[in-house]
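Based on the hints, put chain B in the right spot on chain A.
Protein chains: 2
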Amino acid sequence: MSKVLIALALCLSLLTGLPAMAADAEEQAQAAIDTRQGLLKVVVSYFGPIVGMARGQIPYDADVVKNNAGKVAVLLPMIPDVFRKDTRDSGLETEALDDIWESMSDFQAKTETATERALALAAATEDGQEAAMKAFGALGAGCKGCHDDYRQQD
Amino acid sequence: MSKVLIALALCLSLLTGLPAMAADAEEQAQAAIDTRQGLLKVVVSYFGPIVGMARGQIPYDADVVKNNAGKVAVLLPMIPDVFRKDTRDSGLETEALDDIWESMSDFQAKTETATERALALAAATEDGQEAAMKAFGALGAGCKGCHDDYRQQD
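Protein sequence lines, in the order shown, are assigned to chains A and B.
Per this note's numbering, the very first residue in the first sequence carries number 1; after that it's consecutive.
Per this note's numbering, the very first residue in the second sequence carries number 1; after that it's consecutive.
Bound conformation, chain A alone:
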């Protein structure tokens, strides 16, 4: 087991900033907020090029849409995981509304709907640009449905 233990020790040494190691409740809450915001930034990074295509700023590329929609479809089901930690009482700055933890099953259902629409977008790339952009609109509406209920409005 010694090699395993050495490898584990190396591995543990990597994890500076790990939420479980956080010194106090506020640090743990901040780590949870940073993680969920991080996940959504990754979603946006895959969403962005498709927005550029919808706007005509970059040429439509079915392969990119299919790939990126596939990435979004594996990221969205992680949303309930990263929102598991309830930060309502943390007092920290966040756009996440308390309703998330008061209606977790609906919040989760909305991420499932959006995931299905991301998969539908990936599939729609086989049917041409118009079908893909229509499916992208449905995905965007799915995102908006969740943001309307659970994200602070600007």
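It should be emphasised that the hints constitute simulated quantities derived from the structure, not laboratory data.
It cannot be assumed that every hint is accurate.
[What the hints assert, rightly or not] Computed list of lysine-lysine pairs in DSBU-like fashion (alpha-carbon distance at most 35 Å, straight line): (1) K66(A) x K144(B); (2) K144(A) x K134(B); (3) K85(B) x K85(A); (4) K134(A) x K144(B); (5) K66(B) x K85(A); (6) K85(A) x K134(B); (7) K85(A) x K144(B); (8) K144(B) x K66(B); (9) K144(A) x K85(A); (10) K66(A) x K66(B); (11) K134(A) x K144(A); (12) K66(A) x K85(B); (13) K85(B) x K144(A); (14) K85(B) x K66(B); (15) K134(B) x K144(B); (16) K144(B) x K85(B).
Showing chain B alone in chain A's frame:
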């Protein structure tokens, strides 16, 4: 197409903070840095409970290890995507070393190795705790191999 356009407009309105909309090069670089740090925070959030099990802080749970290793295995291949934007000349604070963009094929190969090890960890949960912890050690060493070469050392 009008419903599609309305849905698209709604969708576009969601994407405040989208890198492609950033006002200038520095904002775009900062968005790229935030996105890649965000991805790695999500990786850490799935890694963390397995570290807790390795340390004996929480009971070993094969289902959690299998699920989380599976999540890590879909996240790691996104690393080259989120590091695609070269921020070497941005002057912004980052632990990412310039070598990433000078050796992108090696950087990508290291993420592929780590991905294989995350899949191996998920599979090893079928063979009991010791096999899983050994596979987890290998995954940790895979992470470290990339950090040693491409992340600023503390």
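Okay, the hints, checked on the actual structure:
1. K66(A) x K144(B): holds (32 Å)
2. K144(A) x K134(B): Distance ~43 Å between K144(A) and K134(B) Cα, so the pair is violated.
3. K85(B) x K85(A): holds (31 Å)
4. K134(A) x K144(B): Violated, at about 43 Å.
5. K66(B) x K85(A): Distance ~21 Å between K66(B) and K85(A) Cα, so the pair holds.
6. K85(A) x K134(B): Between K85(A) and K134(B) the Cα gap is close to 29 Å, so the pair holds against 35 Å.
7. K85(A) x K144(B): OK: K85(A) and K144(B) at ~28 Å, within 35 Å.
8. K144(B) x K66(B): Holds. K144(B) to K66(B) sits at ~21 Å (cutoff 35 Å).
9. K144(A) x K85(A): Holds, at roughly 23 Å.
10. K66(A) x K66(B): Roughly 27 Å separates the two Cα atoms, so the pair holds.
11. K134(A) x K144(A): holds (15 Å)
12. K66(A) x K85(B): The hint holds at about 21 Å.
13. K85(B) x K144(A): Roughly 28 Å separates the two Cα atoms, so the pair holds.
14. K85(B) x K66(B): holds (32 Å)
15. K134(B) x K144(B): Given pair K134(B), K144(B) holds - Cα atoms ~15 Å apart, limit 35 Å.
16. K144(B) x K85(B): Within the cut-off at roughly 23 Å; holds.
Checked against the numbered hints above, the structure breaks hints 2, 4 and satisfies the rest.
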